[in-house]
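Hints are included, so try docking the two chains, each in its own frame, into the full complex.
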Amino acid sequence: MSGAAALLVLADGRFPAGGHAHSGGAEAAVRAGRVRSASDLAEFCRGRLHTAGLTAAALAAAAAAGHDPLVLDEAADARTPSPALRRTARRLGRQLMRAARATWPGPDLDALAAARPKGAHQPVVLGLAARSAGLGPLDAAQAAAYESISSPATAVVRLLSLDPLEATAVLARLAPAADEVARQAEAAAQGAVEELPAASAPLLEITAEQHAAWQVRLFAS
Amino acid sequence: MHLDHAAPCPERHTASVTLPDGRRRALRVGLGGPVGSGKTATVAALCRALRDRYSLAVVTNDIYTREDAAFLLREAVLPPERITAVETGACPHTAIRDDISANLEAVEDLEDEAGPLDLVLVESGGDNLTATFSKGLVDVQIFVIDVAGGDDIPRKGGPGVTTADLLVVNKTDLAPYVGSDLAGMARDAEQQRGALPVLFQSLRTEPGVLPLADWVREQCAAWAATHAAPDAGTAALPA
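Sequence order for the protein chains is A and B.
Residues 1 to 221, numbered by the numbering used here, are exactly what the first sequence covers, in order.
Residues 1 to 239, numbered by the numbering used here, are exactly what the second sequence covers, in order.
The set of hints was computed from the structure by calculation and includes no laboratory data.
Since we're looking at a predicted model, the values are computed, not measured.
Glycine residues also receive a C-beta, built at the ideal position from the N, C-alpha and C atoms.
Treat the hints with care, as some may be off.
[What the hints assert, rightly or not] Take a look, some chain A residues computed to stay more than 10 angstroms from chain B by CB distance:
#1 L8
#2 G19
#3 R94
#4 A169
#5 A172
#6 D179
#7 P202
#8 L218
#9 A220
[Said to hold, decoys possible] Label-pair ranges, simulated between beta-carbon atoms:
#10 E43(A) x L174(B): 35 to 43 angstroms
#11 A225(B) x T168(A): 49 to 57 angstroms
#12 W214(A) x R204(B): 33 to 41 angstroms
#13 R187(B) x L203(A): 58 to 66 angstroms
#14 R187(B) x G3(A): 29 to 37 angstroms
#15 S39(A) x P79(B): 34 to 42 angstroms
#16 L203(A) x L174(B): 46 to 54 angstroms
#17 W214(A) x D112(B): 55 to 63 angstroms
#18 K156(B) x W214(A): 48 to 56 angstroms
#19 S39(A) x R204(B): 47 to 55 angstroms
#20 A115(A) x R204(B): 47 to 55 angstroms
Looking at chain B on its own, in the form it has when it is part of the complex (with noise of 0.2 angstroms):
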């Protein structure tokens, strides 16, 4: 029998940081959160925002259709051989954090045929609040919530409201309308994330995505940071 040296998860086979030519792969940045909370809208949104700086790219995990992935083909935000689509069994959490090899081959495959590449989004498909990305398909997470979900979300919790690196909440535009008590969600959100940063957004008023584009260009500054010179079978992981 063959066994690996001592590392629990052979880093190589996910989330190694060089590719097979030496170069360093994309950034890639995970987007979840409860159905109609404006995860594709928020990506379609990210892409304009960013194309023109990164070389960018998209992979969409629907529950049952292609339909996030032909909204964003409709709206042109980028071409056709930048977005995939992963199909998830009626399982879309399982596809994003218990076995993600279809996401990882849709994420290599996109470095391949339209690579080099800077930055990848990878959307969930909608699901419930405890949905969260494996560590070996993405580097950083966004969890997105809407105001008109229930100004409760916040407080109920849960692994993606806590444990995100970034929790968007989303439609503030409708507060008014659905009752729903800014204030008291971005204090509950604070007592369960801590230092971890909250953006309300609003993407039909100004300035709509730009401040989480800003944060995703920070993002992606600190990744070619960490990962200045990449070198073919020394690059280490990020603490």
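Chain A on its own, in the form it takes in the complex (with noise of 0.2 angstroms):
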């Protein structure tokens, strides 16, 4: 690791890039019933780790190897079917780019803001953001990992009122699964983009369309 306080200055939940807007799913899934504990929030976080969390992570990794990121945008719509996800993405994609363009300046997040004004999907960004900040791949793919399973964990301290200690220690017995999981998302970005994981996670897609409709809700997804 290269830098490790900038990796925990990209990867703090209070890095201000729009992610506290979002429940990752949750949202629905609490709605639903399906997480009414920290042991449901548990194996929500698990499965969301293995599916969206390693596709986000696979494309991070690409993208602060040095992959196009626009080939990496493309990569990231094919692996994202549901339109609202795709929104959601490239909303967060545009916050963080904001972000890191006034923490990490550099030539490569100009380039990928001026080819996508309104937002190239978040883990391109993440990528991106992190090899502006001098981190490696396998930094960048820990950061997507851990995002993806840290913003439910969140959410759901808010929408169950859920010990916050629990939600913590839940997160701190799947790190070592999220460790697993950045090492894979690392291996892969050696590869072609073409063969990045694609490993999806339909309930996430058929809720996230679904809570979009919503009319009233707390987080934006």
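Okay, here's the thing in structure tokens:
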């Protein structure tokens, strides 16, 4: 790891890149009664980590490794069937782009921002931001993998008034699995873009579409 | 690693006065305050009072619905393309202070799609007395409280009451019915705020929102005077 502190800044839940308004599908799962407790949260996060988390981590690692971000952006679209999730990914990518250009400015970020003014997919921007911060593909993958579980955990604390100590313990127990996902993602990023993992979670895609149509909701996704 | 020049927070990403095409951006006015103090009604009244004079737009931050935006749309205070609702993930103060990215995008998209604009009103979701807007998001902020929420609020203070550029004490018409002491509120507010202005307002009686609209007009005039000749690349932030 080339810059542990830079990775901590990038992966900090308070990094101002818009993530606080998103639940990673947890709000829909809570409403459906699938997540009611800390153990449900652990299973939800484990599923998300090995599907959407792995896919995002591989895209981030590939961007950090120097693959063409526009090709990766198309690859992200191909791996995101739900239009609602595509909109969310691009919105979050745009917000992360602003924060990244303020924190670790660089020509690669400027070029992607100019090519995708309304936002590239968030994991691609995350990988490019990591690269601009002097971090490597494994670092980028770890940030993406961790974010895939920290976002729902934070949201469920608010949605269920879950004990925050329990929610954080869930994350701590998933940490080895998140490390393993990041290693897989880094290894995949050494190959061709079309070979990157495309692990999908159909229920997350379906409930994202339903959630986007709700009239009353706490989170944007 | 690429590092920026000496500026601790490169303002071009947030508060830059100049738009990409070289024009001066709109003045951004934040309206915050507790739930039910009359922020949305005040925004609606301001739109009616100012829309003929200025090109204006509104960003709302609801806690868990789009109701504030829906109210403004229903009241037809502005065309729909000039009203944007930001979702705040159960945390309205985060969206206006700690992580302003969604609000900045809403403001910038309004400039792009409905502009050129003179004025953007950014309404916070109802929150507590500590909620204030980031200076990266708005240029001036108004904190709206009301007499029915308790006449001890100015005495209690908090960042909204003590530091907002203008404190509006709303619903003064209700004071006799809820036993609120307006003179005491004025004294307490002055003690907390020093020279910063306080405005007592009732939207249901004359002159309604007009004194507040006058204050906003003064801010717009000051903004235009401070940034009289926007010039791409050389615009400076106000002191």
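With 33 to 41 angstroms as the target window, see if W214(A) and R204(B) comply at their CB atoms. holds, 34 angstroms
According to the definition I'm using, a residue is off the interface if its beta carbon is farther than 10 angstroms from all beta carbons of the partner; does A169(A) meet that for chain B? holds, 22 angstroms
Do the Cβ positions of R187(B) and G3(A) conform to the proposed distance bound of 29 to 37 angstroms? violated, 55 angstroms
Does P202(A) sit more than 10 angstroms from chain B, CB to CB? Consistent with the label, P202(A) stays out of reach of chain B, its closest Cβ about 25 angstroms off (over 10 angstroms).
Are A225(B) and T168(A) spaced within 49 to 57 angstroms by their CB atoms? Given a distance of about 51 angstroms, which is inside 49 to 57 angstroms, the answer is holds.
Beyond 10 angstroms from every Cβ of chain B: is that where the Cβ of D179(A) lies? holds, 24 angstroms
Verdict for E43(A), L174(B) (Cβ pair) under range 35 to 43 angstroms: Since the Cβ atoms of E43(A) and L174(B) sit about 51 angstroms apart, the hinted range of 35 to 43 angstroms is violated.
Evaluate the given range 48 to 56 angstroms for the C-beta pair formed by K156(B) and W214(A). violated, 36 angstroms
Is the distance from the Cβ of W214(A) to the Cβ of D112(B) consistent with 55 to 63 angstroms? Since W214(A) and D112(B) have Cβ atoms about 28 angstroms apart, the given range 55 to 63 angstroms is violated.
Take a look at whether the Cβ-Cβ distance between A115(A) and R204(B) falls inside 47 to 55 angstroms. holds, 52 angstroms
So does R187(B) sit 58 to 66 angstroms from L203(A), Cβ to Cβ? Taking Cβ atoms as reference, R187(B) and L203(A) lie about 59 angstroms apart, which means the hint holds.
With d taken as the least Cβ-Cβ distance between R94(A) and chain B, does d exceed 10 angstroms? For R94(A), whose nearest Cβ neighbour in chain B is about 6 angstroms away, the distance does not exceed 10 angstroms, so it is violated.
Checked against the numbered hints given earlier, the structure breaks hints 2, 3, 8, 9, 10, 14, 15, 17 and 18 and satisfies all the rest.
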